[in-house]
Amino acid sequence: MANVKNKNRQSQRIVIQGELTIYTAMELKNKLLVDLSVTEELELDLSEVGEIDAAGLQLLVMIKQEATTLGKVVRFTGHSPVVVKLLDLSGLAGFFGDPLLIVYPSTVEGKSI
Amino acid sequence: MIPDEYLQTFVIECRELLEQMEEALLIVEQSADDPEIINAIFRAAHTIKGSAGMFGLDPIVVFTHASESVLDRVRSGDIAMSSILASLFLEAHDHLSVLINHVAEGSYPSDDTDSRGKRLITQLETYLGDKMLDQVSASAEVPMANESRVEREESDAVGTDYWHLSLRFGPEVFRNGMDPFSFVRCLSSVGNIVQLVTIIDAIPAAEDMDPESCYLGFEISFDSDADKLAIENIFNFVRSDCSIHILPPRSKTSEYKHLIMELPEQEMRLGEILVKCGTLTPKELNNILLFQLDQGNEPQQPIGEVLVEQQLVSPRVVAAALEKQKQVKDNKKNEANLIRVDAEKLDELINLVGELIIAGAGTNLIARSARMTELIESTETLSRLVEEVRDSALALRMVQIGGTFNRFQRVVRDVSKELGKDIDLVISGAETELDKTVVDKIGDPLTHLVRNSMDHGIESAELRIARGKPARGTLKLNAYHDAGSIVIEVIDDGGGLNKEKILKKAIERGLVTEGANLTDKEIYSLIFEAGFSTADVVSNLSGRGVGMDVVRRNIQALRGTVDLDSMEGQGSIVRIRLPLTLAIIDGFMVGVGNAAYVIPLDMVVECIELKAWASDEGDGKYLNLRGEVLPYRRLRDHFAMKGATVQRENVVVVRYGEHKAGLVVDKLMGEFQTVIKPLGKLFKGEKSIGGFTILGSGEVALIVDVPGLMGQIEHENEVNEITLAAVLK
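Chains A and B supply the protein sequences, listed in that same order. Under the working numbering, the first residue of the first sequence carries the number 1, and numbering increases by one thereafter. Under the working numbering, the first residue of the second sequence carries the number 114, and numbering increases by one thereafter.
Among the clues, some could well be false.
What the hints assert, rightly or not - Derived SDA-like pairs (lysine to any residue); straight-line CA-CA distance at most 20 Å:
1) B:K773 / B:Q683
2) A:K31 / B:I316
3) B:K634 / B:G824
4) A:K31 / A:R75
5) A:K85 / B:I306
6) A:K31 / B:N305
7) A:K31 / B:D321
8) A:K85 / B:L309
9) A:K31 / B:P317
10) A:K29 / B:R128
11) A:K85 / B:G304
12) B:K589 / B:S573
13) A:K72 / B:E320
14) A:K85 / B:S295
15) A:K85 / B:D171
16) A:K85 / B:R298
17) A:K29 / B:V307
18) A:K85 / B:C355
19) B:K530 / B:H569
20) A:K31 / B:E320
21) B:K773 / B:L841
22) A:K72 / B:I316
23) A:K85 / B:K549
24) B:K231 / B:L203
25) A:K29 / B:D314
26) B:K634 / B:G821
27) A:K29 / B:A315
28) A:K29 / B:A319
29) B:K790 / B:R761
30) A:K29 / B:L203
31) A:K29 / B:P284
32) A:K31 / A:L70
33) A:K29 / B:K790
34) B:K549 / B:R128
35) A:K85 / B:K790
36) B:K554 / B:Q522
37) A:K72 / B:Q760
38) A:K29 / B:E320
39) A:K72 / B:A319
Hints are computed from structural coordinates only; laboratory data are not their basis. Owing to the predicted nature of the structure, the values given are computational and were not obtained by experimental measurement.
My request is simple: use the sequences and hints to build the entire structure.
Here is the structure:
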């Protein structure tokens with residue numbers, strides 16, 4: 001996350017872990033809306049999303065749109081491979097407009113040491 | 114992601130398809146090119162691939178894809194179906210079943226399985242050969258109704274060579290366990306997605322948004338050689354809650370206009386999306402929108418008329434659509450006629466019916482003792498109805514034995530390959546019905562018998578020719594109903610059994626004393642004795658780990674019997690006799706002393722008064738029944754009942770298989786619906802009792818096991834004769 005700097009003190013960073021799917025959608029929706037309500041700038045760290053489906057994607061669209069309506073900012077960072085894959089497939093990367101950080105699976109270095 | 118119940122349906126369907134596929138392959142292997150059958154195989158593979166894709170089961174998709182490609186080439190006549198190819202497909206079929214089993218168990222295939230899959234794919238791909246090169250991307254992937262490809266109309270057409278797909282998913286899609294993106298992934302299996310735009314316009318503001326509803330849509334520009342039907346098929350699962358528009362390449366401008374009108378989004382926005390997809394150029398879009406403005410004021414025509422008038426759809430597209438509709442209708446019809454029911458539910462129903470019968474008998478009894486005519490009449494009606502309910506409940510569990518028999522096509526094929534023998538399987542009586550539980554349990558013993566017959570019964574081709582028989586051996590499976598039981602026969606035209614060898618072996622093992630006078634049948638049935646199971650000397654029937662004694666035990670556990678007939682040099686018949694049902698039977702109740710006994714009605718031939726008709730001419734062992742010798746037994750003696758004898762004793766003549774016997778009883782009490790309850794282990798040794806039942810009065814009646822009792826009578830008679838003969842000497 002080195003390239004993400006939180007200059008604005010009012011910003012908040014949240015890490016979404018595990019599933020971003022229909023099974024967690026209900027719970028996540030509420031959580032995201034609450035998180036957005038207390039900050040001006042929300043950063044969602046997607047690096048630990050292990051699974052994402054259309055419902056999850058829909059949720060990301062929703063929060064992004066909601067932020068725009070409220071004049072706030074939502075940024076997605078650290079997209080995990082599954083997220084990148086789905087964004088690619090859906091052609092929505094442009095809509096979100098966040099720089100995609102391609103995270104390679106922890107590689108040779110880790111093992112050799 | 115996928116709910117279990119869907120996955121289960123998938124597994125069940127796949128297994129059915131695989132069964133069909135196997136059957137078809139076996140036919141093809143024998144008699145080569147029948148386009149119908151090859152089509153059937155192809156369809157099975159295609160459907161499996163389709164549904165596997167839906168569930169994102171990539172290994173299955175990849176593997177089926179390879180088979181399907183080759184099958185398609187066979188179908189189009191590019192490759193000839195040979196027996197070698199057929200057996201390769203059989204291997205592929207087996208691999209596929211393994212994969213499906215892994216899905217069912219939720220486990221992952223082992224490395225072995227993986228490498229087998231890869232090897233098979235490589236083997237399959239060699240059939241695609243050099244033609245593969247110029248078709249790499251499309252890889253013969255033109256499923257289904259190839260001929261219904263759309264004719265391209267050049268005039269007034271949009272310039273793109275790609276299909277255009279408009280999808281709007283209904284709100285229930287997620288809740289139905291589907292992920293819109295899985296369809297997109299599946300699309301990639303029949304072509305190339307050029308451009309995909311996800312439509313998020315329908316997502317409401319945060320407040321109104323239900324995160325479990327689907328608001329998504331796709332506009333897809335799609336490059337494929339597949340036909341409309343094949344593309345449509347991908348969306349079979351969501352057809353009901355999804356709006357789908359598929360426009361063929363180079364469709365008329367007006368069709369896009371129509372599409373734009375149909376879709377929920379604003380026209381301008383949609384137009385832009387279409388442009389973004391690369392389906393329309395900005396100029397084309399402009400034309401469409403202008404055209405629409407022109408016509409804006411006219412009253413709307415029904416869509417159908419518009420379609421016809423403007424010739425929006427080529428006749429072939431219409432034909433394909435109609436055909437598809439018909440198929441869907443037919444499918445629906447079939448589905449409506451069949452319901453899958455959990456076997457446990459049926460068992461529960463049968464149990465309840467059993468209780469109902471017992472309770473009904475109780476009511477009947479009370480009505481009689483109260484001597485209320487009206488009540489008696491009403492209980493009679495009731496019991497007639499209960500009887501009907503019983504019959505239909507039992508009929509629910511009846512299945513044809515054909516399914517079990519057909520499985521042996523494969524067994525016979527494989528074993529004969531293994532043994533290097535040429536053996537033909539002939540099936541008859543496949544429509545004979547029997548209880549599902551019996552069918553399930555008969556598979557193993559039958560397999561054993563079939564393998565035994567093939568291995569040790571049928572001789573090698575050379576020996577057969579030397580013996581003047583056709584080189585090709587024949588194995589027959591036959592089934593029929595007989596006296597309340599079902600008979601299954603395994604018949605081979607092999608060498609038969611060697612009596613001397615069996616007898617020698619039996620004496621060696623101490624099963625028979627030397628010099629014992631045994632009939633042929635008795636000698637043959639010796640091979641079912643436990644001592645024979647590990648036999649290595651009697652080569653005719655031996656050694657696959659499970660012995661014939663296990664076969665017999667399995668069959669006896671189903672209240673059945675097994676016997677064997679053989680003609681040396683001509684072949685042998687193994688006959689399995691099983692009761693039709695295991696739960697409820699029509700019984701015939703008789704009284705001996707104070708106790709009641711039930712004899713299965715199906716086995717009762719007639720009832721006669723002992724003194725009036727039959728006369729005892731054989732020392733209390735045989736009756737003269739109209740000149741026929743009938744062994745008989747007094748149940749009173751047999752069960753050692755006490756109490757005074759009655760004046761007029763009756764004989765119930767029973768038949769089982771070829772044997773008849775008379776049972777002497779005190780009283781005939783008439784028909785009785787009998788719910789069979791198993792006896793405890795304590796009575797295991799008693800062969801002449803098959804179970805018990807509860808009478809209306811709450812008393813218990815024992816059910817006479819006729820085959821068991823007959824066996825005992827015959828055995829005792831013979832022992833007596835032998836001792837008698839010995840005494841006379």
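Hints, one by one, checked against the model:
Proximity of K773 of chain B to Q683 of chain B is assessed by CA-CA distance (about 28 Å); at most 20 Å being required, the pair is judged violated. Between K31 of chain A and I316 of chain B, the direct Cα distance comes to roughly 18 Å. Compliance with the 20 Å bound is thereby established for this hinted pair. Between K634 of chain B and G824 of chain B the CA atoms are separated by roughly 13 Å; this keeps the pair inside 20 Å, and the hint holds. Restraint check for K31 of chain A and R75 of chain A: the C-alpha separation of about 16 Å stays at or below 20 Å, so the hint holds.
At most 20 Å may separate the alpha-carbon atoms for a hinted pair to count; K85 of chain A and I306 of chain B meet this at roughly 15 Å. For a cut-off of 20 Å, the pair hint linking K31 of chain A to N305 of chain B is broken: about 38 Å separates their Cα positions. Proposed proximity of K31 of chain A and D321 of chain B is supported: the alpha carbons are some 15 Å apart, at most 20 Å. The hinted pair formed by K85 of chain A and L309 of chain B meets the criterion: a straight-line CA distance of about 14 Å does not exceed 20 Å.
As the CA atoms of K31 of chain A and P317 of chain B are separated by approximately 18 Å, the hinted pair is consistent with the 20 Å bound. Annotation: proposed proximity of K29 of chain A to R128 of chain B is violated, straight-line Cα distance about 40 Å (limit 20 Å). In summary, the hint linking K85 of chain A to G304 of chain B is supported, as the alpha carbons are separated by about 19 Å, within the 20 Å threshold. Only pairs whose Cα atoms come within 20 Å are accepted, and K589 of chain B paired with S573 of chain B is accepted, the gap being roughly 17 Å.
About 16 Å separates the Cα atoms of K72 of chain A and E320 of chain B, which keeps this hinted pair within 20 Å; it holds. At roughly 13 Å between alpha-carbon atoms, K85 of chain A and S295 of chain B fall within 20 Å of each other, so this suggested pair holds. For the hint pairing K85 of chain A with D171 of chain B, the CA-to-CA distance comes to about 16 Å; that is within 20 Å, so the pair holds. Taken as a hint, the K85 of chain A and R298 of chain B pair is honoured in the structure, with Cα atoms around 12 Å apart against an allowance of 20 Å.
As the CA atoms of K29 of chain A and V307 of chain B are separated by approximately 32 Å, the hinted pair breaks the 20 Å bound. The straight-line distance between the Cα atoms of K85 of chain A and C355 of chain B is roughly 24 Å, outside the 20 Å bound, and the hint therefore fails. Restraint check: the Cα-Cα separation between K530 of chain B and H569 of chain B comes to about 15 Å, which is no more than 20 Å; the hinted pair holds. This hinted pair checks out: K31 of chain A and E320 of chain B have alpha carbons roughly 13 Å apart, not beyond 20 Å.
Of the supplied pair hints, the one linking K773 of chain B and L841 of chain B is violated, its CA atoms being roughly 28 Å apart against a limit of 20 Å. Among the hinted pairs, K72 of chain A with I316 of chain B is consistent with the structure: their alpha-carbon atoms are about 19 Å apart, no more than 20 Å. Between the alpha carbons of K85 of chain A and K549 of chain B the distance comes to roughly 49 Å, so the proposed pair goes past 20 Å and is violated. For the given pair, K231 of chain B sits about 15 Å from L203 of chain B by alpha-carbon distance, which is consistent with the 20 Å threshold.
Between K29 of chain A and D314 of chain B the alpha-carbon distance is near 18 Å, which keeps this suggested pair within the 20 Å criterion. Restraint check for K634 of chain B and G821 of chain B: the C-alpha separation of about 17 Å stays at or below 20 Å, so the hint holds. Using a Cα cut-off of 20 Å, the hinted pair K29 of chain A and A315 of chain B holds, with the two alpha carbons roughly 17 Å apart. Taken as a hint, the K29 of chain A and A319 of chain B pair is honoured in the structure, with Cα atoms around 8 Å apart against an allowance of 20 Å.
The hinted pair formed by K790 of chain B and R761 of chain B fails the criterion: a straight-line CA distance of about 31 Å is larger than 20 Å. Under the criterion of a C-alpha separation no larger than 20 Å, the hint pairing K29 of chain A with L203 of chain B is inconsistent with the structure, at around 50 Å. The hinted pair formed by K29 of chain A and P284 of chain B meets the criterion: a straight-line CA distance of about 17 Å does not exceed 20 Å. Of the supplied pair hints, the one linking K31 of chain A and L70 of chain A holds, its CA atoms being roughly 17 Å apart against a limit of 20 Å.
About 58 Å separates the Cα atoms of K29 of chain A and K790 of chain B, which puts this hinted pair outside 20 Å; it is violated. As the CA atoms of K549 of chain B and R128 of chain B are separated by approximately 18 Å, the hinted pair is consistent with the 20 Å bound. Taking the CA atoms of K85 of chain A and K790 of chain B, the gap is near 62 Å; set against the 20 Å cutoff, the hint is violated. As the CA atoms of K554 of chain B and Q522 of chain B are separated by approximately 18 Å, the hinted pair is consistent with the 20 Å bound.
Pair hint K72 of chain A plus Q760 of chain B does not hold up; C-alpha atoms about 106 Å apart against a cutoff of 20 Å. Under the criterion of a C-alpha separation no larger than 20 Å, the hint pairing K29 of chain A with E320 of chain B is consistent with the structure, at around 10 Å. As the CA atoms of K72 of chain A and A319 of chain B are separated by approximately 14 Å, the hinted pair is consistent with the 20 Å bound.
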